[in-house]
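Enquirer: Read off the chains here:
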Amino acid sequence: MSKTGKIVLWVIVLILIVWGIVVMNKKGPAEDALTIKIGFVGPLTGDLANMGENAQAAVGIAVEEINKAGGILGKQIEVVYEDDACTGATGANAVSKLINTDKVVAILGSACSGATLGEAPISEAAKVPQLSFCSTNPTISQAGDYIFRDVPSDLFQAKYAAEYLVKNNKTKVALLTTKNDWGDGLNKAFTEAFAKAGGTIVMTSSFNPDAKDFRTELVKIKAANPDAVYFAGYTDGTITALKQSQELGMTAQFFGADAWDDTKIWSELGTLGNGAMYTVVGTNSSDAFKAKMKAKLGKDDLVYCSNYAYDGVKILAEAMNRANSSNSTAIKDALYKTSYTGGVGSKELSFDVNGDPTSAAYIIKIAKDGKATEMVQ
Amino acid sequence: MITWQIFLYIISSGMYFSLMALGFGFTLRSVKFFNLAYGGAFLVGGYMMFFFYRSLSIFFPAALLFSIITSGLYLFLCYIFIFRALLRRKAKSLVLLIASFGVLVATSAILGMIFGNQPTFVPRRLSDVGTVNILGATLNTSEFFLIIFAFIIIVTFSYMRFHTRFGRATRAIEDDSEVAELVGIPKDKTISRIFFISGICAGLGGVVEGLNSGLIPASGLFYMLPTIVAAVVGGMQSFWGGILGAFILVIVQQLTIFFFGASWVQAVPFAILIIMLFVRPEGILKR
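These protein sequence lines are chains P and S, in that order.
The opening residue of the first sequence carries number 5 in our numbering; numbering runs sequentially from there.
The opening residue of the second sequence carries number 702 in our numbering; numbering runs sequentially from there.
FYI, nobody ran anything at the bench for these hints, they're computed from the structure.
Note that the coordinates shown come from a computational prediction; the quantities given were computed from them, not determined experimentally.
Glycine included, each C-beta is placed from N, C-alpha and C at the ideal position.
Selected chain S positions facing chain P (in silico; Cβ < 8 Å):
1. I703
2. I707
3. Y710
4. N818
5. T839
6. S914
7. Q955
8. I958
9. G962
10. V966
Next up, chain P with everything else stripped away, as it sits in the complex (with noise of 0.2 Å):
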């Protein structure tokens, strides 16, 4: 390259570095902007893709609600979307991507407990406040002054699912969890429940998140003779084990946790999936919401998450208005002080000084061809 070229190239570099530099300190989020940027982040891609892609209709409907309304403090809401694939170093990039280039006031995310742990620090660090709608692992309750969410940690599940099974003389139970931060946290949460509850663990398992072979697992499983297996597996995982168990002929009670909520499962598995059962947050939809729903995805699928997702937008724009600004720290401050009623989540909300739901009423799913739906007990 001729003399000239390198220096018209390196003046082009100079400039490129001090634009961006300038643009990378400008502080804070523009408050006197047209509109009030709330970022949104889930899985929209990988495993969960179906329950984040359920999830973003639903933020989308509450927002669509919120502006049709006039919006907050005179503003309109813009949601920026972005994906995590389920994994930490995915959202720590999109959070990171969301506070520095969109200079979002709030964030509404994520769905998988790991993606959450990962994208916690950097929100805290920000001063932005996170409402998560899905993540259930118990180290978020610590995991900072600005981290909320509006389902309660998976101690609680843990608890009641440990209840149930001996409630119902299942005593013997075997765990099989999937190797990330929500499975770890049930394996845990479940060990020392049921423990307590009086029932005896007859084998531990945990299984890579993209594993496709559980015959030999479910062998050893099946051999164990336990009543229940308490399996705490993704939608992938999910399908292939439980297959994998009925063609083994396995009669153990296949009991599962709020991830099976995902509707794909249940739809691919069909007649195959019945009798198994999961415990779930329960939901309080409204037929306006369901309709919403299904008007918009062109198909009945409803995910819990989603309830919480919308329930997460409304609660984020009462503690705006709250605070009457939309400064990140107000905003955060406003919902300690915030109490929802109405949702189509939970029937009321407010946070504990953790940022965690005050209140946890869990639901047991069972399913039946193709379908998961609520047991009466």
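Using the hints, position chain S against chain P.
Expert: Structure of chain S alone, referenced to chain P:
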């Protein structure tokens, strides 16, 4: 009882990886590079099966035939348009490896765009894949038929290799491709055919996986690791090496799961590969 069930799993997984390693070994021995586009043929075979059987509702055996022909064509076309051009420029095997990796990544991405990133299952309903009871233990029908088909394929290919002209040509090219050309063996034609049959093996593997556990675009690379380990451990230069390597891999994996738990499954192929490379890099079987 458990032992018999695990034994059946070893047989079915072993035959599966033998098939994969066999097809992979063809291109490894003749063109002397690790063809990662083999993973692409795997995906193409599986997704095409979904396309033919589910989207177009073609009769199952016909759909199967079309899928494996498509995957064979896929590798054949890769050779014609990509690898042959590189070989003509005297590209080193590292360059071919990188090119094949590029092909795999591009293929995965395109298939991901068309079929989505969530698992794609080939059977219409998962309960369609029935089970076969063998003396008290069960295998699902696709695993059962795989054992039979893989066995037939291995026998066919070994016959082809040792008793046909084409087989002799492949062996000559594996030995020394320049001399083979001098002696009058149609190198280009033979290698294109080798890529085609290599693609068939990968495609069949993809179909089986689509029936059993569903496919995601990332599966291509995921299944290349055990395939490569099986081929290398068994002996890169030997026809039977891939089969031996596959069974060693599967046996060690199943024993590890049985005694230590599923968490260690991912480490097993790596561990075997590293030990083998230290002890005997050329693999167990020489020829």
